[in-house]
Amino acid sequence: FYSNEQELESAIAGVYAQLQDRGLYGLDLIGVGEISGEDSFEEIAANDGGRFGQLDDFSTNAGNDLVGKIWEESYKGIQRANTVLNRITDIEYETSVLKTTRIGEMKFIRALLYFNLVRLYGDVPLVTSETESPFDFFGQGRTSSAEVYTQIETDLNDAIQDLPSDKTAGRPAKGAAQALLGDVLLTQGNFSGALTSFEAVVSSNTYSLMPSTSEIFGVANEGNSETLFEIQYASGFLVDGKKEGSLAGSQFRPSGTTASAKGHNLPTQAFIDSFEAGDTRLDDYVDVDPVANPFYFSTKYEISPTGADDGGSDHLIIRYADVVLKYAESLNENNQTADAITQLNTVRARAGLGATTASSQTEVRAAIRLERRFELMGEGHRWFDLKRYGTAVSVMNAFFNSAGSNVTIDENKLVLPIPQSQLDTDSSITQNPGY
Amino acid sequence: ALFSMQANDAYGQRTKVTLDLNNVSIGQLIDEIESKTEFEFVYKIKDVDLNRTVSVKVNRERIANVLNQVFQNTRTTFNLNNRRIYLVKRYKPDVSPQPEKYIKENDMQFSVSGAVTDENGQPLPGASIIEKGTSNGISSDFDGNYSIEVSNSDAILQVSYLGYSSQEIAVSGQSTINVQLQPDTGKLEEVVIIGYGSTTKEKFNGAVSKVDSEELNNYSSANFEQALSGNVSGIQILGNGKNPGENSVIQIRGLNTLTAGTNPLIVIDGNPLSEGSSFSSINTQDIESINILKDAASAAIYGSRASNGVILITTKKGRQGSLKVTYDTYYGFQDRIDNFELVDAYDAALFDSDSRNFGYVSGGPGRSISDDNATRDANGGGKRSRVPGYLQGYLDGQAGLTNTNWTDAVFRTASQQNHYLNLSGGTEKTDYSVSFGYLNQENIIMDSDYKRYTANVQLNSEINDHIRFGITSNVSLVNSNPTGEAGWSNYRLSPGAQPDPSFSIILMQPYYPIHNSDGTFAIANQIDDNNDNWDGPISENTVAQTELTDFFERRLRVFGNAYVEVEPWNGLKFKTSLGGDFNSTFTEFFAPSNIGNYRTPVANNRTQAFENNARRENFITENLLTYSKTLDKHTFDALLGFSYQEESRFNTRLESNNFADDNLRNIAGATNPSAIVGRSKWALESYFTRLQYDYDGRYALSGSFRRDGSSRFGANTKYGNFASVSAGWTLSNEEFFPEDGLVSFSKIRASWGQTGNNQIGDFGSIALIESDNYVIDGQLIPGSYTDTSPNPDLSWETNTALNVGLDLGLLDNKLLLTAEYYKSNTTDLLLKVPVPQQSGFSESLQNIGELENKGFEFEIRGNGFEVGDLRLGFNANISASQNEVLALGEGQEQIIQSNGGMGFLTKVGGSIAEFYAYDIEGVFRTQAEIDAAAVTPLAGTEIGDYVVRDANGDGQITPDDRVTLGDYNPDFTYGFGFNLNYNGFDLSAQFTGIEGRKVSDRMVYYAESGEGFFVPSQHYFDNYFSDRNAEGFFRRPDFSSFSSAGRLTRSSSLSVYDADYFRLRSLQLGYNFHESVTEYLGVDFLRIYLTGNNIFNSTKFRGYNPDALDTRTNNNQQTLTRGWIQSASPLTRFVALGLNVKF
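Chains A and B, in that order, give the protein sequences. If you're matching positions, the first sequence starts at 3 in our numbering and goes up one per residue. If you're matching positions, the second sequence starts at 59 in our numbering and goes up one per residue.
The hints are simulated quantities; they were obtained by calculation from the structure and are not laboratory data. Cβ coordinates follow ideal geometry from the N, Cα and C atoms, glycine included. Wrong hints could be hidden among the right ones.
[What the hints assert, rightly or not] Reference listing, derived: stretches of chain A covered by chain B, where coverage requires no fewer than 3 residues with Cβ under 8 Å from a Cβ of chain B:
{"no.": "1", "stretch": "48-55"}
{"no.": "2", "stretch": "60-70"}
{"no.": "3", "stretch": "82-95"}
[To be verified] SDA-like mimics (lysine to any residue), calculated; alpha carbons at most 25 Å apart, straight line:
{"no.": "4", "chain 1": "B", "residue 1": "LYS739", "chain 2": "A", "residue 2": "GLY243"}
{"no.": "5", "chain 1": "A", "residue 1": "LYS71", "chain 2": "B", "residue 2": "LEU826"}
{"no.": "6", "chain 1": "B", "residue 1": "LYS509", "chain 2": "B", "residue 2": "ARG612"}
With the rest of the complex left out, here is chain A (with noise of 0.2 Å):
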């Protein structure tokens, strides 16, 4: 195998499968990025052994499945994208184009599962070169963060070099590389670096918002111009026992309003009557089934009728309406608050609103990350914005106290406790501090 093109074709789609398990955009990594936060919740803290219901209230162990699931999941994807990087060079593609493309796919990649690892575990073991032996990795223990945020960069400026500028549907281009790196300075505070690339992809003119909010969603309205990376789902394939489709859907509505919802990641109460009044997105990206049971829900992505675990909708890891808001908050950050201003009511606009009343750069800083929780919401983002904000500990502890909870977080909790099953393994790995 790894022989030749075809083969090689087929690792790489591998590789995008790994990207829809349930451990990673298939339901986990959306979970944890919003349950977090203060806007979405559990409905059954004890749910499924209480793998979604503990990060609520910031009780997650090192036992907590989804903490295995998330580590095993993307280690496995990098492994998958680590070995066509080690083969594809001897392999001969009929074009070469073709061949730097798929190696600048798999960086990208790679960075973007690193960049998740990093967020939620704090140090992690970095491995970029195929698995020879796995008892080679004995002892290897966790790499300093900022090592692994320097593959992350390598990668997403190799990829920059090797994608092209034009987007085709389920492969991220250029764009999406610019726009991931972006993200990813702007996690580390450098802000200007973080301009600069946003300010590619938007003077790209590659990719737009959608003029509706109600056409961003939905199986109908897949491979958008908004759309620069997404995992793609689709309903009604059985293949090798295999489906395409995605838990999402019926997972993340409340219980008993649809075959097998578990009520992971509900928008709260407080969260809907904060919308303000004709905002199109509340209509279109929320719901409520008040007879069955009175919880909101996002509909961002669907039900399918062929299974509770075949939703079709794709998972948006980078949507324009993202890059615009990120681009403003670089805008922003680097004093061009003017700027910022114009790119965030671009958003408010589409979503049916005037334009912003804020005007210093604290007060707009509030309004687009305020603006990030409306249109947003429920895809995964709001606890890696509010880490970024450097606003995690104080947001939550707020939070808490106002809904009478005694629950107080420290820095400590802003990372996830590395899984129980890793440190049984192998003693160099180390347990983040607190848990």
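Please build the complex by placing chain B on the supplied structure of chain A, with the hints as guidance.
Showing chain B alone in chain A's frame:
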């Protein structure tokens, strides 16, 4: 007259004849003698070559001398009995350790005749009667009669027959001696089947346990292996599937591996079956004997497949004699006798309100137990905080409310009937046995049954003195309606994932009825109610689901072989055989859309179906060259062999949830079913040799060597060599050994050997590419990835073992004692272990590590004790084994593997799979107790959570406080039994027990978890901490908001259970009707019997069955988490009435 005669009893001995015949046929010779003398010849035509021509010229010669001359070097010999001359087939002593003495005819002074019969008085044709200390011997004739001339009236006769205890009888002047032989039960002369041959127990230097047909049939089961339990030392029968006929795990001498398969090699009539093949296709009643090779030296001849021991099964052969018909039948009933008990609706209501209240109150601030449901909703309690209104009636103790006992609904008293017919017989050249069997066993779990039809044929024939051939063939057809084994009440389109009613009962709330008042099934009541109002176990009526879905399996299996054996030379034999094993299994499942499914209301449910066709084809050829030679006191047996075996598996699976309507009740009604196709193959090529040497019955030496090449292993390690040596010293055959002491037999023996384990799956050495497809723009893109890491050096596990044994026979071998000690080291462990996941793999398969296993076995058997008319036999055994991990992978000190949340530690210096969890000391009953705790509890500890022991004494509870809590491997196992015969009555009983086993059982664990989701067990209900029971030692129930500490102590010392037991495994009372009755009825033998399994059982275990194992998961989970019971069927008691007729 040309002869003289004397009127004497010994006419034959004194009579002398004069003959002058040239080139006459034997027939003419006989006529001649008969006409000239009073002698009368009795013979069967096939025993004598009447056409052979001879020339005889004798003058006044004794008849014996004449006949000796005439029949010298032929296959006919003779017996003189006064005036009768019996011509019979010449008896060839196998190997006589005694030097031949030349017997002069003149010494023949005395004649003895009689009949040899078996234990039931049936004639035994072909039994050998030898005058002790001489080579003078004959065989009994067709009707069991014999007549022998012996040297004097004080001679001693040795009467023997294969499978029966030999007897020595002093003639003491009697001219008629009738001999009744008893079946061989543990006598040293007994034949022991070994790999590619047989020997006697006396000459055998290894450790073998033999179980014969009678012991097997004391226990009634579809599977022969169940009958082994408790009968022999060193064997444990584990695993207890939910379906009749489902395989158990036969564990011989403990665990010799961590992650490779643990199945012993099973060889039926010389045919090695592939691992994992179904035992139940072998009808227990077709089995003549089972020999279990326990030590490595005896097993080493089977090389790379033998490290878990070898089980040799011999099926019934015909015996020389007229057609014998045996019919055996029994009919009986089976019932569960386990201790698993769930609460009724009134207790469940208390539990449910507690768990919902506690979950609500502890889930957020400002909540009170007295809040109504609306307030609970407003406080964000969610649907699991709501208390169902209907509970109030139960809490108030209102009579007559729905109180469904789902356990009783799912289990039943199950009938079982068995019929077995055997026809067997033979002539001197050919023996045959044909049998038919029918077993119909209801499962004690509803809507499931098992019907098996078997046919077994065995035929052996001699074409002439040099060529033999034979065939054996076994056909079995099983039609069964299996019960699902998946656990939860949902069904999925994957094999073995069907709903399991015996598990689902813990998800079935007793408030809901099974049937509506009109008798129809109450469909989806619980689903709809829970979905709409409460959120609880959103489970469909398991009785309806089981009845309304179809699940069917048909298994057709044919295995057998044909051989030709040529003996070109005395003692040199060449045997070639070709065998096959073909198995085809068809399975189909259908679930209609008009009932709900787990979490899925009827409206959302879809018709689902699959069909699975699995086929396995296994071929083997074996070629054996053997040579036996006796030179003076030296006996040699040599073996040289070659075998080649290959197996292919084919699997086709069609599945769909795309059905036009519910009336098309199989996959044929589906639109575009999805197909999954599997193929697999292995081959094994082997060369082997063995040399056995015996000197004077005193010293026995044996050595064997095998070279195996297997397709499963890496390119660099395809071939492996396995050697063994053994030695034995029979002290009792030494001259210095006192003849008439208490000790009649004594032997010490030792063996050393190497065996391998290749049970790692077919393609373990190559990196496997798995498919994982992706879809881009609605187009399916075939995707793939490396699922396993390649390892060209992958090889077998090598097990090197030493066995030391002592055999003692006391009281003329009526009492036999065997003691064994063994120690084995497994190196190059095939380890599939957790590895750091940054490698991209969660586990990896490598040959690393080392494991030691040691133990002892002690066995006593007593037979043939008589007190008046009472005959008594008994047996007892005890065994213990211990394992220690000596090394794991490089850089790896321990493996922690969990199953169902329970951790298992396998650590260098420790045993395999020790339970590893927090040790619970009590329950935190107040906030003050938590605040005042000297040891910092786990983060998030709340009232009602467990107090964990600070095992490392560092003042806080961390994962380092997890402790080992014992393991599944018992400290020792024991068994004992007896059999009594008195005036036609017989009684036998076999007891068995284990001590020191720990298990964790998923069902008990759930029912004692207090998680609100599961109907609790009575034991948990009676003992949980609550306002009503302040002293309860189980934690407080909680349905919606478990604390993090509660999660971490979910599995703990409280979920590791004591699984010791003591059972009356089998009991049988029989009566043999007296001859007067049988003669009147025209049958030879008639017996009725009452038989029972597990009549008495004593255990503290609260689950279904403490012998259960997780046999449905893969090897390494089975081993590294051994002790986790995922799915078990209740222990049952079986009582049946049986009838046995022979004619």
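Consistency of the hints with the structure:
{"no.": "1", "hint": "48-55", "result": "holds (count 4)"}
{"no.": "2", "hint": "60-70", "result": "holds (count 6)"}
{"no.": "3", "hint": "82-95", "result": "holds (count 3)"}
{"no.": "4", "hint": "LYS739/B to GLY243/A", "result": "holds (22 Å)"}
{"no.": "5", "hint": "LYS71/A to LEU826/B", "result": "holds (22 Å)"}
{"no.": "6", "hint": "LYS509/B to ARG612/B", "result": "holds (10 Å)"}
Every hint from the earlier list agrees with this structure, and none is contradicted.
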